[in-house]
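Model the full assembly from the supplied sequences, consistent with the hints where possible.
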Amino acid sequence: MPQAEVPLLELRGVVKTFRNAAGTPVHAVKDISLTVGRGEIIALVGESGSGKSTLGRIALGLIRPDKGEIRLNGRPLTELSPQAFRDARIAMQPIFQDATASLNPRRTVRELMRQAFGRSGRGSDAGIAALLDSVGLRPGSEYLPRLPHELSGGQRQRLAIARALAIEPQLIIADEPLSGADVSIRGQVLNLLLDIKDARNVAYLMITHDIAVARAFADRVLVMMQGEIVEEGPSGEVLSNPRHDYTRRLIAAVPVLARA
Amino acid sequence: MHEFWLKFAGHRFGLAGLVFIVALIVLAVIYPFIVPYDPAAISNDIMMGPSARHWLGTDDLGRDVFAGMCQGIQVSLTVGFAAALASSVLGILIGSVAGFAGGRTDLGLMRFSEMFQVMPSFILAAVIVAIAGPGLARVVAVIAILAWPQVARVIRGEVLRIRQLEFVDAVRCLGYREGAILFHEVIPNALPPVLAVGTLIVGQAILLEASLSFLGLSSADLISWGRMLNNGQRFLFDAWWLSFFPGAAIFLTVLAFNLVGDAVGAVLNPKGEQK
Amino acid sequence: MNGDQRATPIVKVEGLRISYLRGGNAVTAVKEASLAIRPGEAVGLVGESGSGKSTLARSLLGLNPQSRSQIDAGSIVIAGTDVTRYGPSQWEKIRGRPVAMIFQDPLTYLNPVMRIGRQIAESVRRHDRGADVRARVAELLRLVKLPEAIARAYPHELSGGMRQRVLIAIALGCRPKLLIADEPTTALDVTTQAEIMALLAELRERLGMAMLLISHDLGLVGSACSRIYVMYAGYVIENGSNGDVFIRPAHPYTKGLLLSAEVKRNADGRFVTIGGDVPNPATIVEGCPFRPRCPVAMDECGTMPAFTPIPNRAAHEVRCWYVERHPVIQAEEIHAAS
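Protein chains in written order, with the numbering used here: chain A, 1 to 260; chain B, 1 to 275; chain C, 1 to 338.
These are computed hints drawn from the structure, not numbers from a lab.
Hints may contain errors.
[As the list claims (entries may be wrong)] Each pair of labels, with its calculated beta carbon distance range:
1. C:Arg-115 / B:Phe-183: 28 to 34 Å
2. C:Ile-284 / B:Glu-114: 34 to 40 Å
3. C:Arg-206 / A:Gly-49: 30 to 36 Å
4. B:Leu-27 / C:Arg-115: 56 to 62 Å
5. A:Ala-252 / B:Phe-183: 28 to 34 Å
6. A:Gly-49 / B:Leu-252: 56 to 62 Å
7. B:Glu-114 / A:Gly-49: 34 to 40 Å
[Unchecked claim] Chain B regions said to be covered by chain A (calculated; three or more residues, Cβ under 8 Å):
8. 64-73
9. 161-167
10. 172-178
Keep in mind it's a predicted model, so treat the numbers as computed, not measured.
Every residue, glycine too, gets a C-beta built ideally from N, C-alpha and C.
Written out as structure tokens, the structure is:
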């Protein structure tokens, strides 16, 4: 197979079943396959309990699936040694819903970013400040000695994004990155993610419950319900012309302003 | 840190305990300059009651009780802090590994720690020291072995809470090893409640050391409050000061550490703010 | 749905200013807020984090702890009684009636070890002495469309939506004239959210109850309320009918917020947004707090303007110098400037 046709991320027949406190099995992910191409923006839409976050964590290698395969650039992650797995996985970086919880509260911005740059050797103050500048924390050098709780919610989310970018990932898996952000800030975050894509050709797998965000941001939408993908296609098509009943119900439930 | 002290100052009893402990430490350092007696020096002033010359009286060999008590501070605090430090290190290691690894490791380590908790600590300590022989280092070791499960249980709970926070996964995705994540990310965030438990252990250790030396099971070369108490009990009806002052010192010091421990715990517990 | 504009308001707040202590500093969460809710009316209170909307709402039930917060200025009148200076024991007597409240996270407000039926019964007993408690609990469960068997369940056995229904039943046990709903569906899925909002609308209709819906979700407020208050950094900056505020907004912030909420891209593929950051309540801003982010800020904005009524609109007013200087403005104008 020529290199160009290998997808960036590929999940094949992934299954994950948890047991709840009573011991009853909960089928969080039932035999799901999906691919993410280079520079592609995919939205994974669903309600809580649909398994979308579990799927994201499986893709990141944070949860081991019961069955199925995860391939990153064609390499099966599940078959790698622990060290090779850690090295390969850094091509995927997460952005979480709660920026506050995703930053160690005891580390300064400088320490958090140095940790992210890791062994790359680019974690100098100047290098960190340049990256902070690029995510809109300007001037970056002024943020270096600050602790996360000294930043606003929007600034924390930008910091979390900067951290995810430090090791130049090919894919960013963002789990509800906007639900903690104020309405007037959401557009800024989305614009930043678009800028990053334009500059670095990263791909996004955005996990969201927000249909409006999925529609406007993603190239392709996957609708997930009870551990299964029930509908998939280009975002405009799926969300303007839904075929599955569940997708229709999701769209109808969103309260809309009657704008003239 | 500044905020911590600000809040701590609001706990009056904890502050009083801290002042008492600091005063003890100062006294242990400066007493040679204010008491004109060597604590071990024998004199002709035998069994004198408290007076202007001997503030807290003298014992059956004419040794100054106040000088002896000041030297006893060193023993008590050394044992207390060393035992608390040793049990904290042991407890942090075992408890955090148990909480972070989860599953069978957790189950095994916690059952193991419960074995120590159900043992009658004083009798065990007495037996160990009786077999291994007395000595300050052994006393510290025994106390550490008995006290670590308290620390382990507290830190395990904290680690269980912290390990599911998103920053742990974020660092994991940066390619760091599990061991590095535990030591650099999780444990530092889990330490504050250990500080409170550790302070309580200092008090327990002082009490246990006093009990052991009361039975003559601590170091024979050092003057400690427990040994003074042991010595004094023979003269309980003739020279009350030989028992009363060391006993009061033990009581107040243990109380002070408990008050500080409670205040530290209250300050570090965010839910305590609501009150 | 509109309520009688001439009737005596259930709640009337005027020039309210509330500050609280945080780390030894006084932070003014509500700087200047006025609000009136009339019987049967559905009123929306919209704002982002730090806008003071929850502090304002909690003050209507005396829920801001008096040890750490205080009312610096203004007044709160509930059903004709001035409650501004009420102490904890006075609040205790009137809380829940005529004003009751439901919250974002119902689990926090339910006793985990007490059966649902008993928790509802407690609320009934407090407010309806001598009532047939069992019958009333059953009636309340029917009202919120929960099966009677739920009375024997514990909170943790219920879904998020069911818990919120229980909280509504407890609130209704007090027979309130006004129900304050503070982000009641933020923790819920969209389909559950739609069910809860439909239930609230139906209950209002049936019981003739007024509602104050507090949310950051403009779509939710716009689809449920007839009158809207918009808060920003402690100030009510715009209020009027739903049609005026959401369809012909006047304040640059309201306009920007509405455009942001649509999550739409403009011609060059950029998402429409408001620049800058939501202000931190602890920082003191002279004049209009929106000035640093405002596309049409002027020199006058160094002082906070008074309310300006919008000409030819019933009870649509706004606090903005730009609007005062340009009384007839179109949405496009500010849009173009941004």
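Against the structure, the hints:
1. At about 46 Å, the beta-carbon gap between Arg-115 of chain C and Phe-183 of chain B misses the expected band of 28 to 34 Å.
2. A hinted range of 34 to 40 Å for the beta carbons of Ile-284 of chain C and Glu-114 of chain B is inconsistent with their spacing of about 55 Å.
3. Range check, Arg-206 of chain C to Gly-49 of chain A: about 31 Å between beta-carbon atoms, so the 30 to 36 Å window is met.
4. A C-beta distance of roughly 59 Å is found between Leu-27 of chain B and Arg-115 of chain C, which places it inside the suggested range of 56 to 62 Å.
5. In this structure, Ala-252 of chain A and Phe-183 of chain B break the distance hint of 28 to 34 Å, their C-beta atoms being roughly 51 Å apart.
6. Distance hint for Gly-49 of chain A and Leu-252 of chain B: a CB-CB separation of about 57 Å, consistent with the stated range 56 to 62 Å.
7. Evaluation of the 34 to 40 Å hint for Glu-114 of chain B and Gly-49 of chain A yields a pass: the beta carbon distance comes to about 37 Å.
8. For the region 64-73 of chain B, the stated coverage by chain A is violated: 0 residues have a C-beta nearer than 8 Å to a C-beta of that chain, whereas at least 3 were required.
9. Here the region 161-167 of chain B counts 3 residues with a CB under 8 Å from a CB of chain A, which clears the bar of 3, and the coverage holds.
10. Given as covered by chain A, the region 172-178 of chain B passes the check, having 6 residues with a CB less than 8 Å from a CB of that chain where 3 are the minimum.
Violated hints for the displayed structure, listed by number in ascending order: 1, 2, 5 and 8.
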